[in-house]
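Asks: Now for the letters of each chain:
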Amino acid sequence: MTAQADDELWSAIGDPSRRRVLDLLVSHGAVSASWLAGHVPFSRQAVSKHLAVLEQAGLVSRRKQGREVLYQVEADRLDQAARAMGDLAAQWDRRLATIKRLAEAAHAEAKKKGEDP
Amino acid sequence: MADLVIEGEVLIEAPVEVVWRTITEPDQMSQWFADRVELIVEPGAHGYMGFGDQGGPVVVETVDPPTRFSFRWNHPREEEPVTGNSMLVEFTLTPEGNERTRLRVTESGHELLAWPDAEKQRYADEHRGGWAEYLDRLGGVVAKHLSG
Numbered sequence: 001m002t003a004q005a006d007d008e009l010w011s012a013i014g015d016p017s018r019r020r021v022l023d024l025l026v027s028h029g030a031v032s033a034s035w036l037a038g039h040v041p042f043s044r045q046a047v048s049k050h051l052a053v054l055e056q057a058g059l060v061s062r063r064k065q066g067r068e069v070l071y072q073v074e075a076d077r078l079d080q081a082a083r084a085m086g087d088l089a090a091q092w093d094r095r096l097a098t099i100k101r102l103a104e105a106a107h108a109e110a111k112k113k114g115e116d117p
Numbered sequence: 001m002a003d004l005v006i007e008g009e010v011l012i013e014a015p016v017e018v019v020w021r022t023i024t025e026p027d028q029m030s031q032w033f034a035d036r037v038e039l040i041v042e043p044g045a046h047g048y049m050g051f052g053d054q055g056g057p058v059v060v061e062t063v064d065p066p067t068r069f070s071f072r073w074n075h076p077r078e079e080e081p082v083t084g085n086s087m088l089v090e091f092t093l094t095p096e097g098n099e100r101t102r103l104r105v106t107e108s109g110h111e112l113l114a115w116p117d118a119e120k121q122r123y124a125d126e127h128r129g130g131w132a133e134y135l136d137r138l139g140g141v142v143a144k145h146l147s148g
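These protein sequence lines are chains A and B, in that order.
All residue numbers for the first sequence refer to this note's numbering, where the first residue is 1 and numbers rise by one.
All residue numbers for the second sequence refer to this note's numbering, where the first residue is 1 and numbers rise by one.
Each hint can be trusted.
Covered stretches of chain A (in silico footprint by chain B; criterion: 3 or more residues with CB under 8 Å from a CB of chain B, positions within the stretch not fixed):
| id | segment |
| --- | --- |
| 1 | 76-89 |
| 2 | 94-107 |
Only pairs whose alpha carbons sit at most 16 Å apart, straight line, appear in this in silico EDC-like list of lysine to aspartate or glutamate:
| id | chain 1 | residue 1 | chain 2 | residue 2 |
| --- | --- | --- | --- | --- |
| 3 | A | K111 | B | E17 |
| 4 | A | K100 | B | E17 |
| 5 | A | K100 | B | E25 |
| 6 | A | K49 | A | D15 |
| 7 | A | K111 | B | E99 |
| 8 | A | K112 | B | E13 |
| 9 | A | K111 | B | E13 |
| 10 | A | K100 | B | E9 |
| 11 | A | K100 | B | E96 |
| 12 | A | K100 | B | E13 |
| 13 | A | K112 | B | E99 |
| 14 | A | K100 | B | E99 |
Covered by chain A, according to a simulated footprint, are these stretches of chain B (three or more residues, beta-carbon under 8 Å):
| id | segment |
| --- | --- |
| 15 | 15-21 |
| 16 | 25-39 |
| 17 | 97-109 |
Hints were generated in silico from the structure; no laboratory data involved.
Ideal Cβ placement from N, Cα and C applies to all residues, glycine included.
Produce the complete structure using the sequences and hints provided.
Replies: Next comes the structure, spelled out in structure tokens:
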């Protein structure tokens, strides 16, 4: 994956409105843009824009069914994004746990010295 | 454009000054962050963080003892880090009484992915699962019928 593709991915899911669209696609499967517009607090035009960005980032694909165009999530790509975010969060959890251990040990040490000089 | 933000928080049984030293002194930072930390904790100071044989530049942004510390990293080597080409790491320390500190960290930015190539390959190779985590992280609804 190229750096540019990464950028697209993160900016695509960095927007709360687009995450709302993604959530609806995840929970309802393949649906049309009109259906989505009926389930979000923003315009049909905004929905189309968000879908275009999500499609560009590879998170959403479209297919024709009769006269309708249906949108669906791309599981692999979304999974990839989820894992990357999960990994970053886990990394910070580990770092924070280490900071806690270090600070508490330093504090305990200082207290001991203070009590017993 | 909205940034993606990773957040974490921990409650530490130590005064805020002790926690401040732990997160800002280079010899302490090298224990919880990078293997090699070359950094002067002053706004605008340029430093370096080494992870094994990899590493990169860091630029300190905010130093407001003992409650706020932030730096930018993951920007291209020849560029000054700004919004859009780097990640911003921000620490906020809140005293809770005399002997307890709440430490909050956020990492945010446009280019959130600075994984090594091996990691990228692993993601490319593994295509299963991840839905629950995605929904957890992005605050969505549960997607039971899509897992099949």
